[in-house]
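K.L.:
Please build the complete structure, drawing on both the sequences and the hints.
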Amino acid sequence: MSPVDLAAMLGWLVLLSLFALAGGLFLLGVDRKLAAHMQARIGPPLRQPFIDVAKLLQKENVVPVNAISAVFHLAPVIALSSSIVILFYLPVGSLLPVLGMYGDLVLVMYLLTVPALAMVAGGFASGSPYATVGAQREMVTMIAYEFPLAIVVIGIAWRLGAAGFSSPFALGTMAANPIWTIVGPLGIAGLLLLLLVLVVVTPAELSRIPFDTQEAETELAGGLLVEYSGRNLAMFYLAQGVKTLVLAAVIVAIFFPWNLSGFLAMPPWLALPADILFFLVKAILVLFFSVTLVRVGMARFRISQVVSIYWMYLTVIGLAGLLLLMADAALPALLGVGV
Amino acid sequence: MRLSPSFNRSLWVYHFNSGSCNGCEIEIVATITPRYDPERFGIKLVGSPRHADVMLVTGPVVHKMKDRLLRVYAQMPEPKLVMCIGACGISGGVFYDSYNLEGPVDEVIPVDVYIPGCPPRPEAIIHGVVKALQKLERIQGGES
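Going down the list, the protein sequences come from chains X and V. For the first sequence, position 228 matches number 228 in my numbering, and the numbering has no gaps at all. For the second sequence, position 118 matches number 118 in my numbering, and the numbering has no gaps at all.
Any given hint might turn out to be false.
Said to hold, decoys possible - Once the Cα atoms are required to be at most 20 Å apart in a straight line, the calculated SDA-like pairs of lysine to any residue come out as:
hint, chain 1, residue 1, chain 2, residue 2
1, V, K80, X, L57
2, V, K135, X, E60
3, V, K80, X, P64
4, V, K131, V, Y114
5, V, K44, X, A35
6, V, K80, X, V63
7, V, K131, V, P116
To be verified - Reference excerpt, derived from the structure (chain X facing chain V, CB under 10 Å, subset only):
hint, residue
8, A36
9, K59
10, E60
11, P64
Simulated from the structure, these hints should not be mistaken for laboratory data. Ideal placement from N, C-alpha and C gives every residue a C-beta, glycine not left out.
P.N.:
Now the structure itself:
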């Protein structure tokens, strides 16, 4: 790679990082506004998360006496930077993943655990019983939702592979070939089940109600984040926003990869902003149904219920979806019709 | 110390009960209902004093709670405000000559805003928050 290419790529990465920070906070603001309207309130202004971060940056940064200072300070940095890095591997609008040639959906799946692990490390390093209990619950939740998430990723990639694409795990392949157009009626039923699984995994990834046992304000007083204040808390707040954007981008990339410029003819200078705006609209819609609607309408599950929900119900639903996708790929050959 | 205007658009509130009868708690909960919706102004109830900008103290300070109140106050990151809610916290209220009282809140920690009432109405609590914001604006202006 020539130095010019490298410089251009670094420039893109910086721009994309800024977009991740601003877009993530914007999505958090939209979430709070929508939740407020559903509760017949006016709610905070859309820029409230930006104000919150600006305020947190002015606050004192307290380090508890019995905290492990190095890990305590490192955890928010890792959480924020690793959540931004995930976005480099995901398509945003018609913008193909900047680092797409270096990693695929399996890497994204692994990277998604890094912010959560950083929060666990920060929780254990806080030296507070609340944070310790929160960190243990976060680990249990992670173990619970990893398996259904893996089923979704494997299922989609396997179907793409069965349809004859050479690199089925690459997000570029998924963006170029919307999965719905490849499968038959059985496959569409299977995809709907997998979409349901991914939508239910999302609140646990973002530690939102009903799967926010690790941060439970009313029982653990903030859980993992209980000892964090000031700049460190602001970084976790930003990481939460970026993770929200990333999760929405994952769902959009796998299930709704269409672009506005694919339907309407428009000049290239207009296509990119239009596609990014369209991406944000898709992200807001996805988050409305997977996060906002659920968190307004439901109460919190106990940690024991979280595990059984993911390991029993969602795994069964996911496997059913996987079987439907396999049947969809195998049936035409068995019946001797189609391909 | 200079604060930017974003500070008083985002007050996170921590509630501490130093021996209250629960009357003021009920009014605080009434204040955060959709009818008054303080989240419009960025006011949010948080569970940890580390996240808080404002501490609401209700009730007179009883013997056992004095040490806890001092520790929770010390745990809040600067800059911080204390709002004393209800007649008990201001003067001791009906418990003023009780044997196990350490005294009103301001004999234990510095108080910025007093909200009288037994219990104060939600409107009074919101008025108290406005007073706290005015105090913050003076801090932003560079006065102590």
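K.L.:
Determine for every hint whether it applies to the structure shown.
P.N.:
Hints, verified against the model:
Our distance criterion of 20 Å between C-alpha atoms is met by K80(V) and L57(X), whose separation comes to about 14 Å. A C-alpha spacing of about 19 Å is found between K135(V) and E60(X), which places the hinted pair at or below 20 Å, so the restraint holds. The straight-line distance between the Cα atoms of K80(V) and P64(X) is roughly 18 Å, inside the 20 Å bound, and the hint therefore holds. A C-alpha spacing of about 9 Å is found between K131(V) and Y114(V), which places the hinted pair at or below 20 Å, so the restraint holds.
Straight-line distance between C-alpha atoms of K44(V) and A35(X) comes to about 14 Å, which keeps the hinted pair within the 20 Å bound. Simply put, K80(V) and V63(X) have alpha-carbon atoms about 17 Å apart, close enough for the 20 Å limit, and the pair holds. Straight-line distance between C-alpha atoms of K131(V) and P116(V) comes to about 13 Å, which keeps the hinted pair within the 20 Å bound. Taking 10 Å as the C-beta cut-off, the interface hint given for A36(X) holds, the closest approach to chain V being about 6 Å.
Because the smallest distance between the Cβ of K59(X) and any Cβ of chain V comes to about 5 Å, under 10 Å, the interface hint for this residue holds. Proximity of E60(X) to chain V holds as hinted, the smallest CB-CB distance being about 4 Å (cut-off 10 Å). Hint status for P64(X) relative to chain V: holds, with the closest Cβ pair at about 9 Å, below 10 Å.
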